[in-house]
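Quick mapping for you: the protein sequence lines, in order, are chains B and L. Its first residue numbered -9, the first sequence is counted upward by one per residue in the numbering used here. Its first residue numbered 24, the second sequence is counted upward by one per residue in the numbering used here.
Because the hints were derived from the structure by calculation, they are not lab data. Hints may be right or wrong, so weigh each one.
Claimed, not checked - Take a look, some chain B residues computed to stay more than 12 Å from chain L by CB distance:
1. V37
2. V42
3. I101
Stated by the list, open to error - In silico contact screen, one side only, chain L against chain B (beta carbon under 7 Å); selected entries:
4. L25
5. A29
6. A66
Claimed, not checked - Stretch-level coverage of chain B by chain L, calculated; a stretch enters the list once three of its residues show a Cβ under 8 Å from a Cβ in chain L:
7. 251 to 264
8. 391 to 405
These figures come from a predicted structure and were not determined experimentally. Ideal Cβ placement from N, Cα and C applies to all residues, glycine included.
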Amino acid sequence: MDMASRIPFDEMQPQDDEVREIYRVYAAWLKNFPLLQLERKRQEAEVLFRRVGITFNVYGETSGNERLIPFDVIPRLLGSAEWQMLSSGAIQRVKALNMFLDDIYHKQEIIKAGIVPASILANAQYRPEMYGVDVPGGVYAHIAGVDLVRTGESQFYVLEDNLRTPSGVSYMLENRKMMMRLFPELFRRYSVAPMEHYPQVLMNNLRAVAPHGVQDPIVVLLTPGAYNSAYFEHAFLAQQMGVELVEGQDLFVRNNAVYMRTTEGPKRVDVIYRRLDDDYLDPLVFKPDSMLGVPGLLSVYRNGGVTLANAVGTGVADDKATYIHVPDMIRFYLGEEPILSNVPTYELSKPDDLKYVLEHLPELVVKEVQGSGGYGMLVGPAATKKEIEEFRLRILSAPDNYIAQPTLALSTCPTLVEQGIAPRHVDLRPFVLSGKTVTLVPGALCRVALKEGSLVVNSSQGGGTKDTWVLENA
Amino acid sequence: MLSRTADHLYWMARYIERAENMARVLDVTYNMSLVPNAAESEAALWEPALQIAGNVDDFEARHDTYCAANVIHYLAMDQNNPSSIFSALRSARENARAVRVALSAETWENINTLWLEFGQFQASDITESGLSEFCDWVKSRSHLFRGVSFGTMLRDDAFRFVRLGTFIERADNTARLLDVKYHLLLPDEEEIGGAVDYYEWSAVLRSVSAFQAYQKIFSDTIEPWRVAELLVLRDDMPRSLHACFDEITPILEQLSGRRSSESRRIAGEMHARLHFGRMDEIFQDGLHEFLEGFVTSNNNLGMEIQRSFLNAP
């Protein structure tokens, strides 16, 4: 498959003389809208975002640690048929992944069937503490962010599944609010599917997975604190759902139950939407020096005294080594053909794949199996000779830690940059919610690589975001 | 509500109130310095401002002279002075950011905007560009904070802790201001009525927005004991000690519910003294002693609130 040499697919204008049907109204509007005016709208958005404090903290930066994620005023549009396909594909995937997690922590039938190798149990993200533990409703990944990319009119690929503590949904919601404020007239011309009810759906799901027998569950959101990079999002969601935003120090464990410290004394907590990684949850079980967690939390959790969302141990399912098995999981658990494709992936633990990859480094993307956030990866076409050679040594020292994929020509979307409007690469992260049912709201976080030619969309690497419009009648 | 949330809310409000009072003291002191022969020396003029803030020692350790520029910078912008306007506003914003969920969106945005705007003053020389403009800005931002929180926040415990912080801090500030000024203004031989005295006392009144109120109530020359009465016992004067405790006592009752609490007892006792006290008796025992005792009790009350609500076990 030769995906590297292809010219990227443009979401608005795939050919010079052809504007895609769904973009027709927008393209005509954009053509008549003065560039200066558009730039002014962008500045207005920046002032508003800063005033509201929609900022994120960048690790490893000493000064000015609160930054805005650049917001692009040109939306990404999706037709209703496209969305239908993407959303059913994402739902199918998350259903299978939840079943996989339930299986891997109980009967392990998929291993017995020889579909996933037993070596997965040795994966660092597999939590033996979770073996045999029943979680309410069998739901492990209550919130999943499925990263999708597009390379052609109907070619979509899943880049990765984020099943631990996926973030970005607050930007999806705030971007919409901003667009409606900046361009109300466009919302009159297009029928854009609303998705502002996301926090409500999330809240209903969280209440639905409370421990058995709890009538009116108390839900809290656990944050690492105001210095965490996603603190704004934690505060935002807690506020939208009307729940307490707690830190580890606000919670304690007594008599097999979790309580929060309030001005009126201890109050029982039933469901914890935690935005804290497994490793920091409970110093008695995981990192002993972590101050962010709650001593004894895991023991209450294992006994069913409290629900954690997402569950402990989901990392084994979004690991890049597990990723390659997801299409087979869908066939195994659901008896269906996968709606969304995986990116073809080379496993460097296999000698043939390793040999091929080492010979083709300049064309490939190499990722650490457990890396995230765009750190620790090599984008071959964008790397210098020196960087490639350095990375070659890292691969050779521990080939099992890496996978490789062809460099996809990610689709581009018109974006306002310094030089005017220009195509920039984008991806798409819809958020799939699992409770009694598996659903998602018609919207997604669209991330855009603002640097010309760059394929890295992560906000920690200078990426921006766009509003995503799912059109109802197109 | 979470004890930690209550703690952040309470201190957020205290720091904003503290910044406002600091701005008031700076403003009137600066205006006094423009009156000819207002004081024997620059030091005599500026030292009281530091006394009110309670950090004369720290200032002397780091500065040789009491010149206006030094004191103004120290009280307004010094990042190493924990009670400078800069430090107070920064702390207010950090506390607010930690609990933005518990604030109404408008209240949070107001505090965040305050901090963003503060950057402009930091970049300029506030003495050059007009200290009054800066002080007015701090005061109006504080007014705005109270107005926005009063106008938009649900009347729940979050709101009560915000109000509690405001009035505990204000009571402390008014008492200190009056103590320092009264002490200073009553020399052994009572020669009251001179032009400087008039300026001094009207400055004190203006610093607590009480000048107009004084004229309205007494419509007479400004007498120190009346100023004291206005700021201690009058319950219709919004920055007086009595008025502060008219707010504090019911809030503590609502927060305590049916529980009896030590903080409720202390507040009730202090409130009774202000409610039933008489000015001539206070003067007989010494106003300075009274105010000193008040500041101590108010501190104890603050510590008790901290112990029973904010640092819950």
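Status of the hints after comparison with the structure:
1. V37: Violated: least Cβ distance 9 Å, not greater than 12 Å.
2. V42: Since the minimum Cβ distance to chain L is about 6 Å, V42 of chain B lies within 12 Å and the statement is violated.
3. I101: holds (43 Å)
4. L25: holds (5 Å)
5. A29: Holds, about 5 Å.
6. A66: Because about 37 Å separates A66 of chain L from the closest Cβ in chain B, which is outside the 7 Å limit, the hint is violated.
7. 251 to 264: holds (count 5)
8. 391 to 405: violated (count 0)
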